[in-house]
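Peer 1: Residue-level listing of the chains:
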Amino acid sequence: MRKIRFILEKEFRQIFRNRGMLPIIFVMPIVQLLILANAATFDIKNIKIIILDQDHSTFSKRLVSNVNASPYFALQEPSDNTEQAEAALKEEKSDMYVVIPPDFEKDLIKEQNADVQMIINAIDGSKAGLASAYFANLLANFNVEMASSYGLKSNAMLTSNSNSKSIAVTNSNWYNQFLNYKFYMVPGILVLLVTMIGAFLSSMNIVREKEIGTIEQLNVTPIKNYEFIIGKLLPFWLIGLFELGLGLTLAKIFYSIPIEGSLVIIFGFAGIYLLAVLGMGLLISTITETQQQSMFISWFFLVIFILLSGLFTAIENMPEWAQRITLFNPVRYFIEVTRMVMLKGAGFSAVKSQFVVMLTFAFCLNLLAILRYRKTAS
Amino acid sequence: MNNSENRPAVKVNKLTRQFGDFYAVKEITFEVNKGEIFGFLGANGAGKSTAMRMLTGLLAPSSGEATVAGYDVYKEAEKIKKNIGYMSQRFSLYEDLTVLENIKFYGGIYGLSNQQIKQKSEELVEKLNLHEVSKSLLSGLPLGWKQKLAFSVALLHDPEIIFLDEPTGGVDPVTRRQFWKLIYEASDSGITVFVTTHYMDEAEYCNRISMMVAGEIAALGSPNELKKQYGVDSMDEVFVKIARPSN
Chain A
1 MRKIRFILEK EFRQIFRNRG MLPIIFVMPI VQLLILANAA TFDIKNIKII ILDQDHSTFS
61 KRLVSNVNAS PYFALQEPSD NTEQAEAALK EEKSDMYVVI PPDFEKDLIK EQNADVQMII
121 NAIDGSKAGL ASAYFANLLA NFNVEMASSY GLKSNAMLTS NSNSKSIAVT NSNWYNQFLN
181 YKFYMVPGIL VLLVTMIGAF LSSMNIVREK EIGTIEQLNV TPIKNYEFII GKLLPFWLIG
241 LFELGLGLTL AKIFYSIPIE GSLVIIFGFA GIYLLAVLGM GLLISTITET QQQSMFISWF
301 FLVIFILLSG LFTAIENMPE WAQRITLFNP VRYFIEVTRM VMLKGAGFSA VKSQFVVMLT
361 FAFCLNLLAI LRYRKTAS
Chain B
1001 MNNSENRPAV KVNKLTRQFG DFYAVKEITF EVNKGEIFGF LGANGAGKST AMRMLTGLLA
1061 PSSGEATVAG YDVYKEAEKI KKNIGYMSQR FSLYEDLTVL ENIKFYGGIY GLSNQQIKQK
1121 SEELVEKLNL HEVSKSLLSG LPLGWKQKLA FSVALLHDPE IIFLDEPTGG VDPVTRRQFW
1181 KLIYEASDSG ITVFVTTHYM DEAEYCNRIS MMVAGEIAAL GSPNELKKQY GVDSMDEVFV
1241 KIARPSN
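Chains as they are written, first to last, in the numbering used here: chain A, 1 to 378; chain B, 1001 to 1247.
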């Protein structure tokens, strides 16, 4: 066990002396969180909207002014008829138009119910989904406002009737009520950070010893396999957890991201997750001879893992077969757990199954890696 | 410990290593006596390194027997590793660590106590005259210094045998001479030296040498015996006669 201390000391010295490594450890989290979280947003503002007000009532004017005040919509020149509005839609001069029918105000007061019609350009399905969701939200607020001002019943009196052309629009699922996409992205980006540290740096570090030939020197020493492996992987396990802490701090400072659940669960899961990822890094290092090879293989797996992780595309929306593949993707579980714990405040019992799966991954990957790692070539 | 005084340091009997149908090393048999400087010569690809890798536990033999420091290469590889030092043709210290850090690391993984590491570090710095660079990164030192340091580091744990795989590749004649002085010192203190080399003048420094050709030992004896046997004046000519018999 004493030998591990010497390996650790050496590893940390080398990591902190490596001019390529320090920027990766400290700059990568900042870049990923500050740039990627903002760039990878599906949050859409300034949706170009045309309103056909056929009612010209106090209520309809109030609704138009609400749309005008919303940061999500950019009110365009009003059209006189639907043909004109449709032409604008075709020419991409607007993203959607809304028809406020005659008798809108009358119906609302008398019948306690009125309809408006939304027509949305749904070529970009997710954008259309968002536009519809934003408008529905705006209507809901309008309802509450009118209810308090005019003593109308506030429940379900104004419903939108969306009529998307030819392409069906499915709304995305929201994990937070203010439609803040960053809350959804940031936990996933934190996972990416930890994964990259684990998979890239660990495999490259071991392969580097192969490249410079020092691994042979180590293999003729009485060092034990487990001592070597622990000495090599523990630094990256610690750096991975440090990275997560740094990322969470940045996310809290810059995005005020909610951390509803327990940090102990997040870090506990990250600890096990890192074991799995480091095991994978070790496994990659046993089958590659150069840092380039190991980078390439790590990258190959990471791209698949990230695309099938539910970070950008909800897993529920994937085809059945792809969903089945995601079951073998460790990244998927970590993203699930961080989102559940951070945003929903899930307790341990809610993520127990993910813990079990991740422990299994960690065990299998490390077992394979240790079996493959040999001091003596056969 | 296996401390019978009469036991050879290395005993090899019909040791073989196959890669598919190719015999890298074919049924070699020899003994290395304690305290001897034993040279392993041969052209590139003759099987020198493969043989050495089997003796140091880096490569599993296909068949045959071998004991190193009295331990069996198949069953007691870990015990062998405690009792041998190794320095390979590829430079084996860490360039991004300082002289003292390298010594500390290798001392540590050979299980030396902190006290021993400290003492050995001082001795080494003194002996190799590295006072001024003891805290510099190795990457800044000349190759000759690094190789002398690597040799000394391989002896940190007082091994019974030291294996040197082309230790003087790429250094100037003066440094090579200094290097061989270190080898003689080690040999004088009772350490068995097993060395592979390309340089025929170095072969003259060895007590006994074996010449490998195509995986087999073609000649074995002291430099003088070999020169007499082949009726030539230098090891160079011996080498040419054995390694390129068609010439």
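Since the hints were derived computationally from the structure, they do not count as laboratory data.
Errors might be hidden in some of the hints.
As the list claims (entries may be wrong) - Okay, derived cross-link-like pairs now, BS3-like style, lysine-lysine, Cα gap no bigger than 27 Å in a straight line:
no.	chain 1	residue 1	chain 2	residue 2
1	B	Lys1181	A	Lys3
2	A	Lys61	A	Lys182
3	A	Lys3	A	Lys45
4	A	Lys375	B	Lys1181
5	B	Lys1082	A	Lys210
6	B	Lys1011	B	Lys1075
7	A	Lys210	B	Lys1135
8	B	Lys1181	A	Lys224
9	A	Lys127	A	Lys110
10	B	Lys1011	B	Lys1118
11	A	Lys48	A	Lys90
12	A	Lys375	B	Lys1079
13	B	Lys1127	B	Lys1075
14	B	Lys1127	A	Lys224
15	A	Lys224	B	Lys1079
16	A	Lys224	B	Lys1075
Claimed, not checked - If you want the footprint, here are the derived chain B segments under chain A, 3+ residues with CB under 8 Å:
no.	segment
17	1046-1060
18	1233-1242
What the hints assert, rightly or not - One-sided and incomplete, this derived list gives chain B residues near chain A with beta-carbon spacing under 7 Å:
no.	residue
19	Ser1088
20	Phe1105
21	Ser1113
22	Leu1155
For each residue, glycine too, the CB sits at the ideal point set by N, CA and C.
Peer 1: All hints are to be evaluated individually against the structure, with a verdict given for each.
Peer 2: Checked hints:
no. : hint                  : verdict
1   : B/Lys1181 x A/Lys3    : violated, 32 Å
2   : A/Lys61 x A/Lys182    : violated, 33 Å
3   : A/Lys3 x A/Lys45      : violated, 58 Å
4   : A/Lys375 x B/Lys1181  : violated, 32 Å
5   : B/Lys1082 x A/Lys210  : holds, 22 Å
6   : B/Lys1011 x B/Lys1075 : holds, 15 Å
7   : A/Lys210 x B/Lys1135  : holds, 25 Å
8   : B/Lys1181 x A/Lys224  : violated, 34 Å
9   : A/Lys127 x A/Lys110   : violated, 35 Å
10  : B/Lys1011 x B/Lys1118 : violated, 35 Å
11  : A/Lys48 x A/Lys90     : holds, 13 Å
12  : A/Lys375 x B/Lys1079  : holds, 14 Å
13  : B/Lys1127 x B/Lys1075 : violated, 37 Å
14  : B/Lys1127 x A/Lys224  : violated, 31 Å
15  : A/Lys224 x B/Lys1079  : holds, 12 Å
16  : A/Lys224 x B/Lys1075  : holds, 15 Å
17  : 1046-1060             : holds (count 6)
18  : 1233-1242             : violated (count 0)
19  : Ser1088               : holds, 6 Å
20  : Phe1105               : holds, 5 Å
21  : Ser1113               : violated, 9 Å
22  : Leu1155               : violated, 13 Å
The structure is inconsistent with the numbered hints 1, 2, 3, 4, 8, 9, 10, 13, 14, 18, 21 and 22, although it conforms to all the rest.
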